[in-house]
Amino acid sequence: MDIIELKKIAKRIRLSTMQMLEKAGTGHPGGALSMVEILVTLYFEKMNIKPHEPNWKYRDRLILSKGHGNPSYYAVLSEKGYFAKEKLSTLRQYGSILQGHPDMNTTPGVDMSTGSLGQGLSIGCGMAIAAHMQHEKFRVYVIVGDGELDEGQNWEALMSAVKYKLDNLTLIVDYNKLQINGSNEDVMGIAPLDKKFAAFNWNVIRINGHDFRDIRNALEMACSTSGRPTVIIADTIKGKGISFMENNPIWHGKIPDRVQFEKIFRELEGDI
Amino acid sequence: MPKAMRDVFGETLCELKENPKIVVLDADLGSATRALKFKDVCPERFLDIGIAEQNMVGIAAGLSTCDMIPIATTFSVFITGRAFDQVRNTVAHGNLNVKLVGTHNGVCVGYDGATHEAVEDIALMRSVPNMVVLVPADAKETEMAIKAAIAYKGPVYLRISRIAVPDIHGDDYKFCIGKGEVLRDGTDVAIISTGIMTSRAIEAAEILLKDGVHASVVNICSIKPIDRKLIVEVAKRTKRIVTVEEHTIIGGLGSAVSEILSVEWPVPIRFVGINDEFGTSGAPEVLLEKYKLTAKDIIRAVKSF
Ligand SMILES: Cc1ncc(C[n+]2csc(CCOP(=O)(O)OP(=O)(O)O)c2C)c(N)n1
Ligand SMILES: [Mg+2]
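Quick mapping for you: the protein sequence lines, in order, are chains W and F.
Going by the working numbering, the first residue of the first sequence is number 9, and it counts up by one from there.
Going by the working numbering, the first residue of the second sequence is number 166, and it counts up by one from there.
FYI, nobody ran anything at the bench for these hints, they're computed from the structure.
Every residue, glycine too, gets a C-beta built ideally from N, C-alpha and C.
Hints are all accurate, no fakes.
If we take Cβ atoms under 10 angstroms as the criterion, some of the chain F residues that face chain W in the derived model are:
id, residue
1, 185
2, 210
3, 225
4, 230
5, 232
6, 235
7, 251
8, 254
9, 261
Kindly produce the complete structure, drawing on both the sequences and the hints.
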């Protein structure tokens with residue numbers, strides 16, 4: 009797809025994301041905004057999917073392990089046609105198909121329920137192992153947060169993916185440098201990420217996670233790497249696209265007030 | 166000589182290899198759980214995950230969504246405890262077709278002591294929505310419960326003892342998830358038991374008969390879903406219930422029975438089980454004595470009415 013086209017979609021996704029959060033009055037803006045370009049590239053360019061047959065057996069799978077980031081994920085799924093756009097305004101409400109965290113049993117297109125951090129990569133390994141056992145070609149993508157990497161289960165799964173030579177598995181780290189209590193490095197310290205993944209024998213690619221060309225190339229390289237899994241460390245900005253939210257940890261799970269929303273929509277709509 | 170239930174588990178797994186969807190996962194305890202038997206006959210669908218139970222349950226979850234039937238195996242304390250969040254949030258909430266098998270549980274684990282003796286695993290698994298909980302009482306029921314778990318689509322926790330108990334069931338025994346079973350009929354009291362305690366309940370009923378007490382013995386392998394109808398029926402008939410389990414009395418079979426009867430047909434109940442304590446090291450038989458899990462203890466409970 010044309011990069012200009014992808015950029016337009018990303019803008020629409022950011023706008024939908026903030027509209028959903030305004031309506032819901034609850035949710036997590038920061039981490040939803042940092043992974044927009046990643047999701048858009050995956051769903052609009054890379055993944056082999058059939059939105060009108062969400063459970064198609066041979067589809068590529070995506071696990072949003074950082075499930076709290078789901079508003080932008082839901083916006084992308086509806087933009088792809090998995091469900092009607094009107095549903096977006098029901099986010100987090102009673103009876104909605106759009107639960108507070110991704111739910112595979114209520115939302116068409118969601119391949120795995122998440123919310124308890126640290127589990128997605130193991131699940132992705134299971135899917136990728138199944139593909140190998142069945143001699144199928146589908147690919148598995150897992151998006152994790154950087155703070156999420158504090159969870160030890162990730163590091164168990166990193167070893168499994170190498171052991172089972174899961175070259176059909178791609179891990180994407182939304183490396184926005186922030187988690188709830190502040191910067192990753194102040195909270196626990198996950199750096200140096202590239203060296204850690206390399207020491208675990210993964211194929212490591214580092215990119216600008218807001219640059220469509222970078223993302224596209226990295227995904228391409230992941231596909232053409234055989235015999236081992238690839239991790240894409242995507243440098244991103246938490247709150248990306250909204251000036252006063254960028255790089256500020258307070259916007260992890262906070263909803264702007266009315267005046268702030270006006271400013272947000274001026275910025276985002278002005279862009280479109 | 167009856168077979169140890171974990172040996173039956175290993176043998177049944179080998180039989181199941183003909184089903185191309187079955188994948189067995191092990192967390193470095195396959196020699197003890199007997200899961201390694203499957204590796205001998207079907208290495209291509211055996212996954213050595215290493216000492217990483219949370220990862221094992223996650224991998225099982227992923228496999229299940231791609232049309233495989235994963236059987237994740239280790240000791241009960243690790244699969245229900247160490248990986249509880251993975252079981253709750255991923256397997257059970259997703260209603261995934263994952264089979265969780267714990268082969269070492271209760272004080273019959275023996276010499277390994279408290280850290281290895283799950284006494285609360287039934288309570289944990291029973292409390293989670295969507296989870297089916299099966300606790301077989303002898304070799305034949307173990308085989309049937311495994312097969313029923315595979316035939317059922319959804320999450321199942323199977324609590325399989327490491328030890329052997331006397332055979333209760335014949336070769337023609339049919340097991341059905343959700344159904345209990347009356348092993349003996351008597352109208353004075355009903356002993357409702359599960360797992361390795363069922364053969365002890367039968368032993369107790371035989372001794373009681375000599376004293377002129379006619380006890381029913383009801384075996385409950387399917388702790389969840391539980392056979393409400395049968396439990397209410399025997400309560401109506403016997404008016405007194407004793408529940409028996411090698412598990413803490415908090416949240417296990419006794420609790421499940423009480424939850425039903427207190428609403429539908431209140432009768433006095435006595436609980437034979439572990440009394441809110443951890444296990445300890447020792448020979449299984451010694452520990453069953455210490456934790457008051459013998460026929461004698463069942464008889465004492467019956468006579469306390
Ligand atoms: C196991 C678990 N512990 C805690 C939480 C609460 N929680 C939700 S988001 C979050 C911070 C995540 O930070 P990061 O992974 O960096 O995500 P991002 O910055 O992309 O939003 C925490 C601690 C959780 N959902 N799961
Ligand atoms: Mg972060």
